[in-house]
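One-letter residues, chain by chain:
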Amino acid sequence: MSIPLVPQLLRSHLTELADNDQRLDGRGQYEGRDLELEVDVLANAEGSARVRMGDTIVFAGVKFQLMTPYSDRPNEGGLMCMAEVRPVAGRQHEAGPPSAESIELSRVVDRGIRESGCIDTSDLCIIPGEKAWQVILDLFAVSDDGNLFDAFALAGIAALRNATIPQEKFEVGEDRKLIVSKTPIMCSYQRVGGRFIFDASGREELGGDERIHITLGDDNNVHSLQKGLKGAFTAAEFKELMEEARKKGDELRKMVHALDGGN
Amino acid sequence: MSIPLVPQLLRSHLTELADNDQRLDGRGQYEGRDLELEVDVLANAEGSARVRMGDTIVFAGVKFQLMTPYSDRPNEGGLMCMAEVRPVAGRQHEAGPPSAESIELSRVVDRGIRESGCIDTSDLCIIPGEKAWQVILDLFAVSDDGNLFDAFALAGIAALRNATIPQEKFEVGEDRKLIVSKTPIMCSYQRVGGRFIFDASGREELGGDERIHITLGDDNNVHSLQKGLKGAFTAAEFKELMEEARKKGDELRKMVHALDGGN
Amino acid sequence: MSIPLVPQLLRSHLTELADNDQRLDGRGQYEGRDLELEVDVLANAEGSARVRMGDTIVFAGVKFQLMTPYSDRPNEGGLMCMAEVRPVAGRQHEAGPPSAESIELSRVVDRGIRESGCIDTSDLCIIPGEKAWQVILDLFAVSDDGNLFDAFALAGIAALRNATIPQEKFEVGEDRKLIVSKTPIMCSYQRVGGRFIFDASGREELGGDERIHITLGDDNNVHSLQKGLKGAFTAAEFKELMEEARKKGDELRKMVHALDGGN
Amino acid sequence: MGYGDVQMIDANGIRNDGRKAGDVRPISIELGVVPVADGSCRMKWGSNDVIAAIYGPMEAHPRKIQRQDRAVLDVRYNMAPFSTSDRIRPGFNRRSREISKVTAEALESVVMLELYPRSKIRVEIEIICAEAGTRCVGLTAASIALAHAGIPMTDLVISVASGKINDVVVCDLNKSEDNYGEADLPMGILPNTGELVFLQMDGNLSQEEFQEAWDYNMEAAMVIHEYCVEALKTGRYPQ
Amino acid sequence: MGYGDVQMIDANGIRNDGRKAGDVRPISIELGVVPVADGSCRMKWGSNDVIAAIYGPMEAHPRKIQRQDRAVLDVRYNMAPFSTSDRIRPGFNRRSREISKVTAEALESVVMLELYPRSKIRVEIEIICAEAGTRCVGLTAASIALAHAGIPMTDLVISVASGKINDVVVCDLNKSEDNYGEADLPMGILPNTGELVFLQMDGNLSQEEFQEAWDYNMEAAMVIHEYCVEALKTGRYPQ
Amino acid sequence: MGYGDVQMIDANGIRNDGRKAGDVRPISIELGVVPVADGSCRMKWGSNDVIAAIYGPMEAHPRKIQRQDRAVLDVRYNMAPFSTSDRIRPGFNRRSREISKVTAEALESVVMLELYPRSKIRVEIEIICAEAGTRCVGLTAASIALAHAGIPMTDLVISVASGKINDVVVCDLNKSEDNYGEADLPMGILPNTGELVFLQMDGNLSQEEFQEAWDYNMEAAMVIHEYCVEALKTGRYPQ
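Residue numbers (this note's numbering), protein chains in the order written: chain D, 1 to 263; chain Y, 1 to 263; chain V, 1 to 263; chain W, 1 to 239; chain U, 1 to 239; chain C, 1 to 239.
Chain D with its partners taken away, still in its complex shape (with noise of 0.2 Å):
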């Protein structure tokens, strides 16, 4: 690994970069790392998928739990979401209880799931009041070199649409497909050099400033949206990272779909 840059010469030279609408990795301003997107990798999960973006990579595993419902919502079961970034993924990441960071990053990958309506949690009941499945989502980070958020996101919604519920083991019936309808697809975009690109490097992270992270749904409707880190951007700013990221999306959704023939 390089040694990074002191962070105020890598900012001065991220931004005579921009200057000249280049990156440090010679990528245009919207332009994503080279994307690995595979499903089904991990034996002991009930669904997985692994994401390498550059060198980001990612895995996420569907567990099952038994449950009981809620007493306000007896015929639903529920989703969790649990992203972990442990020290294996870089020398900047400390052991230790869940720092802000992760439980950021867990909650807008949860939300942008939840809001979608992607899972029907009426679906998961087996017995009203009684039983029900709690689909747990963990997001496990290998390698961080920037964008955690999409590369989770990404991983999480593959993850879910290749997961089966385990009905043989829990003795409650015969396996099933998890029925997931809908493919929510976050993009992230960071200030960095005074304008905003797509799918930060982990150097350009460490230089940038505000980051904006935006979910759309499969009609392009807004599912989750989070603004992080110091920084002010304007609205014309945020019109054309929410016009980006619809077309991401598009071509991110299908990437997801051509993985299972569209469920």
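Derived DSS-like pairs (lysine-lysine); straight-line CA-CA distance at most 25 Å: (1) Y:Lys-182 <-> Y:Lys-247; (2) U:Lys-20 <-> U:Lys-44; (3) V:Lys-169 <-> V:Lys-131; (4) C:Lys-64 <-> U:Lys-64; (5) W:Lys-120 <-> W:Lys-64; (6) W:Lys-120 <-> U:Lys-64; (7) C:Lys-44 <-> C:Lys-20; (8) D:Lys-131 <-> Y:Lys-131; (9) U:Lys-64 <-> W:Lys-64; (10) U:Lys-120 <-> C:Lys-64; (11) W:Lys-64 <-> D:Lys-230; (12) C:Lys-64 <-> W:Lys-64.
Hints in this document: simulated from the structure, not taken from any laboratory.
Position chains Y, V, W, U and C relative to chain D; hints supplied.
Relative to the frame of chain D, chains Y, V, W, U and C by itself:
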């Protein structure tokens, strides 16, 4: 906020004042600060109070939860008292797990209320052995300029006397007042400049020695005592404080009763 | 307590001694310290033992709790073994959550007892699928002058053999002895001055290298092994220790049996 | 997020508390409510009751949190145990951690941190009564308390949320609207430039609905900004 | 605190273990029971069995806990898991935290801390068998262990509790008396001056009953003090 | 540990996955799988899937963990939540703590720590799919990753476990064998000297069975060592 004196200088100054029977803010030895007591101040609490003693400001809020009675007391509900001194309340208060100080605060206030017998826990039973009310009294410091003990104890008993059991919300009958048959009052004294004073301010606490907390019931029976901090006191000193606590307790008890017409 | 030598000086001294087949306190290579073993020493424990090996002193206490059997083992109760090395036991022990050392201690002692099969967990079942006994063995260090492993293991098995199930208190029958059909014995060896010695003292531990813990059953079957700390050992070294453990194990097992007449 | 047959808004566009779609709930502001703090503010907004207090700038310790070129903001958003219908257990809470983080990042965007190298400014936000939109009230109250403490800022942050009920976009959801609402778009707006320093959203909004909610927030922020300015002049709003 | 029909004391004022109202339970003391510590004491008092050990004075670290002008006392009161009828789970415990705090403050009142600036003295109190009054046994045992460690003190601290059963005030409640008792007044007394460094109380005592309990404690402390002095001379009490 | 009538090995000594008693499961190794790390390795062994990554040598902080004369190894063994049949809750785990400790001690026995005084080397072992024998896979993978990071070592550590099923001693238990097995003997072997740096065992083995298991491990280690050497030459095994 004025800059606190170096503790040693502050201690010398306080001793000098005490030698002339004076205090920093001109009060007499056993004189409390300007006191405000309001009830029904928090819309989402089932009972609430706000106490201001000089620049010390606290809230107390009462909530109710359903509990399963303990197996050795099937006909009784429970009372829990928790004090939080979060960083909002002062420069010296830090975030983190409960400090020994805040644990002592809640336990001393709790004992005064509990041991006075003001709440009949068998009145909290709904179905013997199955369902009962747990009363939770949360004490919350907004601004700590000394003597949180008395402020919490006063707000606590006033909030309990203000509380309504939300039986409708939990579908176990009609809402009814929590029965609070007594009014225990805590009076706290701290050795400052060599002598004990009532209702120490933040600066008096900073330059003071041991504290004595006395909780008396309606009939002047003793329900709770606590000595805190470094220092030794004599039997004669204690006798005088007990006498003072009886007088001050009667005064404060009237103030509480005035709010609810004596209940 | 004498001032501990600087570790490097201590190591040199220990090497010199070892070269002459000597030890700090005059013992032979495989000679244990003066040993006391008492049972029934704690009035509130259902079984208890105290072990003193030189200046190392530990207690073991057995308590019983009711548990719901695990769904895959409806006819079995459970055994739990917890070791605490609190700050009372030595200058080097600090307050806080369990250290890796104390976790290793409890797990190694636990495995020796559990794997020997000395406790038949199906004998702990009260009502299949509903109610069973959980045996909790708590190991508590009072004074740590080295080799807590063997002291804990010895106190542990002696306390279990001393235990009475408090069936009357829990209203499930008459009190009866816990059946403990075997007597696993742990012997621990540490490399000090280049060679392995038995029953290291605190100073030998401070200046020593890797440890090997061997737990053998009544028939000399191996039930638990553990290598701890930095260091490499040869097959020949291990063979010799295994031979020593067999001899010493027989000796200590007799000592345990002498307390209860062989059970 | 379903609302079944519950009708939250009538045929004339009047909401269940009498407001029109673009109206905000009643707001009052009082400064100096935490006498021992360096700056403080209590903001009541609908039934929300929020206290924000500022301590600092002070020495940052432990030293490893110090920054050579600027102050660090230490922001805590917390809900008091009695602030909600069901009691909240004190202690670690993932939701509060996330709100504290994004609130801190919003405030860092306006506080002139570079004026106080190696120091720390503590921002304490306590929700003592929660209705809906507590994160907006907390962020706005914190920016007022910072101003009250005399901390230099490039602008206040005015935060407000719009959302959707019964398929109608409305501004500043109250509790019952929030319970049955289909979307929530909280924003943190700099009134002088119209820029955003805070943005979250969850639910389901078409691109058009999203724009409508955005516009409501922008308009409401200008109104609320005036209340804040008056409070900072006189110590309270309304008088 | 109710006791129904249980009669804990007979018409002649004789208690269920044969004691009169002012008697203390049997006490034994042994020094040096933690060989690796700088001072230690095991105190059996009724069925209570308590070990106190002292480490230090030693360097206080981390440095932020150091005091320039005195030593800090680091006191831990803990009940072993097997010390009570129902097993106690190890770990954080609010009751133990409070007792540790007030015990530390009692001992700080007699230990000459100013002789050891910047250092720390650890006081470890372990209850290995609990009957009733463990905080009193722990505090007394700790003061003996400090003396055994040679730490200069202005006085020992003798701690004892009186209480009320069947409306009668008695000294040094045993387990069954404690279970059915109506009040408990533990005090920590300096035998040379009669001053108090420790005081708690809970229950219900009239002013007269309170005085009676206070007086029992004062008298008992003088008796127990003699046992402690003998133990410190010879290493144990009784011989 | 009972296995009832389950027959795990047939009359010809063939196991349920077709292996003979001394055979190890299929193994594959890939280097560089964590691009941002200083060294890394993914080892699949049966259905086990394990990633090991190395960071460092780097400055050890906080300073109190520094050693003047050598580097410290900071080793973490962790099972991902989805790595097992029943999900594992993230967070503190006694089993993982113990395995991390003994793994660290095994690696400290071969890494030339004295070359890097005052520094720290982080060893991260993540089990993303667990079959049986994860601690052996983790230790072996960590030693390969250390070599890949260019950290000087006196030898690799090859770790493998033998055990007993149906009263027969066999090498490298698979999941079902482990479930019904009667003993498990994992060892960490230095292939150049035959010395051990890691040893655990639980179950029930006679002295003869123990020797047989020991010998299987020694033989298997030599075979696995060759795979590792090839992977370190070419980046992967098999090609």
